[in-house]
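K.L.:
Below, each chain spelled out in residue letters.
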Amino acid sequence: MKRLIGPQSVLRLPSARIAIVVLLGIAVLTAFGSTLAPQNPLTINANALFQGPGAHHLLGTDYLGRDVLSRLMAGTRLSVLTALEAVGIGLVLGTGPGIATVFLGRWFDFAANRVTDALMTLPYIFFAVAVTAALGNGLVQAMVPVGILLAPFFFRITRAATLEHARAQYVEAAELMGASKLHVVRVHVLRKVLPTIAVTTASMTAAALLAVSFLTFLGIGVQPPAPTWGGVLSSDLDYLAQAPWAPFIPGALIAVTVGALNALADAFRDRRGAGTLAAQPGPIIRTHSTLEPADDDRQSQVA
Amino acid sequence: MSVVSIPPSAGATPPRRTPAGRIAPGRAGRPGTPPRRRRSRIVAARLGGGLAVLVPIVLISSFITYSLGALSNSDPAATILGQDAATPAAVARLNRTLGLNHPLIVQYWNWLTQAVHGNLGRSYFTQIPVAQSIAQRLPVDLSIAVLAVILAAVIGGSAGTIAAIRRGGWFDRGVTVVCSAASTLPAFVVGIILVVLFAVTAHLLPANGYVGPSTSIAQWLAHIILPSLALSLAVSADIARQLRTSLVEVLEQNYIVGARVRGLPYRRILVRHALRNAAGPALTILGNDFPLMLAGAVAAEAVFSLPGLGQLLLQSAQTRDIPVVQGLLLVVSCFVIVVNLIVNTTLNWLYRSDDGIGT
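Going down the list, the protein sequences come from chains G and W. Residues 1 to 303, numbered by the numbering used here, are exactly what the first sequence covers, in order. Residues 1001 to 1359, numbered by the numbering used here, are exactly what the second sequence covers, in order.
A few of these clues could be false.
[Unchecked claim] Where chain W lies over chain G, by a calculated footprint (3+ residues, C-beta under 8 Å):
1. 80-91
2. 94-107
3. 166-174
4. 252-265
[Said to hold, decoys possible] Some chain G residues close to chain W (C-beta under 8 Å, calculated; not the full set):
5. V115
6. M177
7. K181
8. P244
9. P247
Don't read these hints as lab results, they were simulated from the structure. From the three backbone atoms N, C-alpha and C, an ideal C-beta is built for every residue, glycine too.
Bound conformation, chain G alone (with noise of 0.2 Å):
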């Protein structure tokens, strides 16, 4: 059978490949960031208020003269990390319910169902400053609750998955044939969910990383001096009068990333059909057909 993810077939779009080597260079930023920076992205330089993009400052000075580019470069790294820990908590608390809803039974699924719609009533923003209220301020503190709210995503499209590929004609095969439920999780249905959840993850942390910035734009979890993408933009809005040029940068710095992780995220999209089961190559064939409804097929089962 071919394999079911095909790299080559994405890389061949040019979106995807446009947005992976955008991707590496943030990821180059995150690892060497504040080696790579120009300059200090903490010295003031009282002589070089608000220069535009020039030789000396190839993205121009901030209002105490400080060099953007060194301080958006050295930004990089808490912005990425913090964005990467909330995806990293959604996908922990998200898919490992979302698989086994679909095995461990109906009152499970039912709870499971609920919390996540009591989740999703609550706006993140306001949730991640209510725990920093609670827990103190920190971007770690402010983090943990957009992962916790970005767990209902990963939830709810990995059980629809799930529940798709758990219904498949060579699952009941398997169970025929005496395998584990851990078996069939682990070889039939989680092989099959991973291309799904690598889509979600993508556009997540797009999500992930709006937040932190917006998080970091409001002043959560950051001591002033330090720098980051959404910290840049703040300082910038308080002197528009001398520099409306100068939120551009961050803004488009933070657009290009986001827009890149979405851009991935469609390739493999467009490519896979993500949660689809119509999309797909190799044979799936549906245990129940138009023929007869699901519920009986699993009395039947039973029996």
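With the hints as your guide, set chain W onto chain G.
P.N.:
Leaving out everything else, chain W in the frame of chain G:
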């Protein structure tokens, strides 16, 4: 901020109405159609069922909200009394007055029953009732959010419709490009760009502040139009994209061809036959994006320095004023629940079948 708005699991988007029901609705005496009284009872039962599902959701989300206070591990009585007066006896007495000596679940229940009666407690610091300070600031966010919803529906709706009618044309391609760009821009960045364009550079509109509608309607609009526009952009993009997709699909259906063959005016076909059947997914998006709108309202408040809920939230988070934070979270999540209920009811009504029940 469209990235978060993944279409929910299957079943949330209603199945399309069959065109047959739309074309021949007038035959009330048909066998199988329930009489009007029974029909309304069915609708009421359905709505009641919908409300019953909400009960656990409200309970869970409010419990999460309340337990934040317990998590905080702060000592409110000591905070209120100040360092000098906080003798152990005084702290214990105040804890009794505040009801903080009970177990968490009892405290939660007392808080919730009080909240149902409109009493959200008092701020630890200012002693102002929480409900009062929320009620004071709610109109600001409500004006922004409502105007943003209207703008998103108008801008996104018309852009999506025109793009679908002239698919493949320059307008269609333009809308696609603009939508992709718009959905990567967070509301606060859009807000800043709008401030730069309209307030700092062009001096057309005020850059910040808020004027109530009772003072001057024109001033009120001038102050909220930029925040609302910033907020609505990403949602408009979502709506335009979704509406275009579903409208293109609907316009290719046989019953549209049939209606055209029968010589109905195109405008009427578009509005009554096509848009009505294509609007469902876009409406669902509007409902799903509402929590994001509230989050965006906080962004708009920060950019345009409006005295709204977000500012209250940030202030009370800084001082760790837990009752205010809890009250805000409860009010906001109730808002989201109500909006979702309205959207679902609208969808049911829009896709009702002949017997008066949603499909």
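K.L.:
Any hints from earlier that this structure breaks? Give me their numbers in increasing order, please.
P.N.:
Structure breaks hints 1, 2, 3, 6, 7.
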